[in-house]
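Visitor: Spelled out, the chains give:
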Amino acid sequence: MTKTYEEINDRIRKGKAVVLTAEEVSEMARTMSPKEILDKVDVVTTATFGAMCSSGAFLNFGHATPPIRMERIELNGVPVSGGLAAVDTFVGATDCNTANPTYGGAHIIENLIDGKEIILEAWGKGTDCYPRKHIKTRISLDTINEAIMCNPRNSYQNYNVAVNTSDRILYTYMGTLLPHLRNASYSSAGELSPLLNDPECRTIGLGTHIFLCGAQGYVVWNGTQFNCSKPLNDYKVPMGNARTLALMGDMREMSTEFMRGAYFEKYGVTMYVGVGVPIPILDEDLAARVSIRNSQIETFIEDYGDECKLKGKVNYEQLRSGEIEFMGKKIHTAPLSSLAKARQIADVLKQWIENGKFELTAPVRPMPVGTSLKGLEEKEV
Amino acid sequence: MVKKVVVTFPAGSAGRSLTYELIKKFDIMVSIIKADIDAGRNGKLVLELDADRERLGQAIDYMKQSGVDVSPLESKITYDSDRCINCGACTSSCLSGALSIQAPDWKIVFQPDKCIVCKLCITACPLKLFHSSFED
Ligand code: SF4
Ligand code: SF4
Chain A
1 MTKTYEEIND
11 RIRKGKAVVL
21 TAEEVSEMAR
31 TMSPKEILDK
41 VDVVTTATFG
51 AMCSSGAFLN
61 FGHATPPIRM
71 ERIELNGVPV
81 SGGLAAVDTF
91 VGATDCNTAN
101 PTYGGAHIIE
111 NLIDGKEIIL
121 EAWGKGTDCY
131 PRKHIKTRIS
141 LDTINEAIMC
151 NPRNSYQNYN
161 VAVNTSDRIL
171 YTYMGTLLPH
181 LRNASYSSAG
191 ELSPLLNDPE
201 CRTIGLGTHI
211 FLCGAQGYVV
221 WNGTQFNCSK
231 PLNDYKVPMG
241 NARTLALMGD
251 MREMSTEFMR
261 GAYFEKYGVT
271 MYVGVGVPIP
281 ILDEDLAARV
291 SIRNSQIETF
301 IEDYGDECKL
311 KGKVNYEQLR
321 SGEIEFMGKK
331 IHTAPLSSLA
341 KARQIADVLK
351 QWIENGKFEL
361 TAPVRPMPVG
371 TSLKGLEEKE
381 V
Chain B
1 MVKKVVVTFP
11 AGSAGRSLTY
21 ELIKKFDIMV
31 SIIKADIDAG
41 RNGKLVLELD
51 ADRERLGQAI
61 DYMKQSGVDV
71 SPLESKITYD
81 SDRCINCGAC
91 TSSCLSGALS
101 IQAPDWKIVF
111 QPDKCIVCKL
121 CITACPLKLF
131 HSSFED
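Protein chains in written order, with the working numbering: chain A, 1 to 381; chain B, 1 to 136.
Bound-form chain B, shown alone (with noise of 0.2 Å):
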């Protein structure tokens, strides 16, 4: 199974091994979505762990217990796209590849699977049509 986690660790912990202990302790594919590091404060990852639900487990346990706050990615991006007029604006913030607008049509295509809720789109739709909500 798939799981997309925030992973939150105080400034000296062991933000840089975890990647790699994940990987070599139990054998979980990771995938860093975003990473942001505050020099001397916090340090925060979003992670897509995929693994056995077991294994899965384990992981976040052990992350637990090494003094990391592990929660999943709860929120979600949706916008309203019957009012979309497909200007575009949106896609030059988001860097995943979530929204992209192209030929032949011009018209925004969404897809959620990529999104990475850094919520810049929020911002840049002149029309104001991102919100994030909690994922069910």
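Chain A with its partners taken away, still in its complex shape (with noise of 0.2 Å):
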């Protein structure tokens, strides 16, 4: 038996798609084969809320009266992009002020989902049909045009497990590394994560309607670094950093409460972001695909102390344990993301299906295939 994306859209036209979380479907395989799985269940719900470094928003400001071609642009006194003509601007999540690094461009989409006022200065040297030098004003999502989040490389299939080896303390953004392996920390929402529930991509393409901090959002390609040549594990799940996705949503549906501005440890800003993915069952290898379990899905652990280099593997049950065992000591183990939201959005996401308020869409175009990273080569200038 097989089932189509219409057949699936039509029940939940109907309220009769039958909905789960990747965790609640995790623990029915434990008694039930795919392909009874794929008879009850219609769509999975997937989620992960972590640290996305690359994320951002496209604002549009609209033209003032006389108009100016803003080449230099600040909110709140965070440099942002004044690439992009007259008053469009790129604020990426990392972006800040050097002076004040704890506060930067996530904080800046995060004020704004908020509804607060945020500080426009900029600054164009004056051309005959934009005249203006100069122009500082307060704007919000309520003053401005458009207002898109676009993030070109978010939840990531799998992530490395960091540690650190060294005798001195590490600020990274794998968060506060202690020295002589006294903690390691880990960052994938594990059986609930989206790209671990569809390794192959077979359902997650560009067109893939999803769940993104609150809103209704895209799947607009793949993310970058998209790599499809890590290592597979005994259960075909990719081990390390893997696949990632691109997306994108419109900031006035979005909701604080699924992302947040925060900041790492003289490491700098990054943007907290809440992902839900549904995966449809439309057969019994997906039915298959999402009943993995935390300890069927392995990660590298990784040096941070030593070069990055990979020292070991473990598993997201042991890492879940609190506690693991590497290079003949006990090591506490604290998660980087969060577990607690990542259900809630996979339980919101959860009720907008069984409600008739999400349908899903295939794929207009499916991810690469054969991907591997480059390094960066240093030539001679």
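No lab work stands behind these hints, which were simulated from the structure alone. If you're wondering where the values come from, they're calculated on a predicted model, not measured in any experiment. Virtual Cβ for every residue (Gly too), placed ideally from N, Cα, C. There's no promise every hint is true.
Cβ pair distances, simulated, as ranges [as the list claims (entries may be wrong)]:
1) Lys-76/B to Glu-117/A: 30 to 38 Å
2) Val-109/B to Thr-4/A: 45 to 53 Å
3) Gln-111/B to Thr-4/A: 48 to 56 Å
4) Ser-229/A to Gly-97/B: 37 to 45 Å
No more than 20 Å apart at the CA atoms, straight line, and that leaves these computed lysine to aspartate or glutamate pairs for EDC-like [stated by the list, open to error]:
5) Lys-34/B to Asp-167/A
6) Lys-114/B to Asp-61/B
7) Lys-107/B to Glu-257/A
8) Lys-128/B to Asp-114/A
Computed footprint of chain B on chain A; a stretch qualifies when at least three of its residues, placed anywhere within it, have a C-beta under 8 Å from a C-beta of chain B [as the list claims (entries may be wrong)]:
9) 169-183
10) 337-350
Given two chains presented individually in distinct reference frames, assemble the corresponding complex, making use of the accompanying hints.
Guide: Structure follows, in structure tokens:
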């Protein structure tokens, strides 16, 4: 038996679709076969809520009178891109002002979504069509035109666990890593994570309808650094940082309940992004894939204190136990992405689908296959 | 009664035998919460002393007379739980176990009585939700 998107959407419209979260279906799979799951379940909701630096937002401010070609732009004192026409900008989540490194692009996006006012200051050289040279004003989501979140690389398929064997404390994007292996930090929703439930992207592609920070958004491309070449474990799950998604959504529909600006000590600003992806159970293979459990998902242990060498592997059941054994030591583990929030997102998306508020879309273009990652070559200039 | 104190002593002073003397001379239950001994400079101990009021007073006087600075553990840690996203990053640095996150609900649990005010959570929280303040 197989199902089509149209059949599933028809059941959603009639309020008859059976929707489970990825954690619920993994539990169900202990006693049911993929065939039985395919018979019973239409859609599985997956989610994650983690720090995703490669995020940001396009804003269009509208024209003032007289108009200005904004060539240098600051929002709340944070320099943002002046390289997009006259009154557009891209606020990168990690944009910041070095004088105040704990507040940056992600916080501006958070403040805007919260309905707060932001100070916009911009400078231009003055042209015949845009005579003005300077403007300083207050903006909010109500006063500007478009505000579109656009995240080039979100929702990593798995991520290495970070440890530190050196003798000094390291401040990283994986949090504070204490010396001599005193902690290990990991960042994945494990069996609830979107790309671990459809590891080959059979249903996730360009145009996939998703939950993004509380809004209904879309997958708009493969994410940057999309890597299909990571080794697979016995359960055909890629280990380490593999595939990623590029996502877009309307900031006006978003809520700071599901996104947050953040600052990692001595590293910089980043953004916590909430993503939920529905997976249609079209056939037995997908039913088997969404049944994956934390004990079957493995990742590498990366030593940030020793040139980021990969030194071992571990599964998410072990990580979630609060302690792992590595190099003869018992190490305290802690998450960096919020499982509580990811669960909340998977539940909201489930309700949307059950209530007929959210339908599924088949990808209009599949994700790439066979990609690998290039490093940056340094050439003589 | 139980009292948490910060004991600071100059290099070379009686720091090492201090806990022994407190136990021997004053019959005090001593737990070392934190030891921070900087080679060649000051040593710092955070101690939890458990005895009756009188013996505690005598012990503190004794330490002061031996050139050791004794002050109550003055700061305490608070956090803005309303804004917490339950990411768990703070638990990674909290080796005393005051902050923990675990199944089934994966929400932060803060047990202030276990806190040794090491302040590592202040920098570890990506949302900057921790603050240290003076104990009332
Ligand atoms: S100050 Fe130290 S012991 Fe207290 S809660 Fe923070 S990390 Fe834990
Ligand atoms: S690090 Fe901050 S936001 Fe994260 S769980 Fe701890 S208190 Fe909450």
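Visitor: Which numbered hints are broken by the structure, listed smallest first?
Guide: 6
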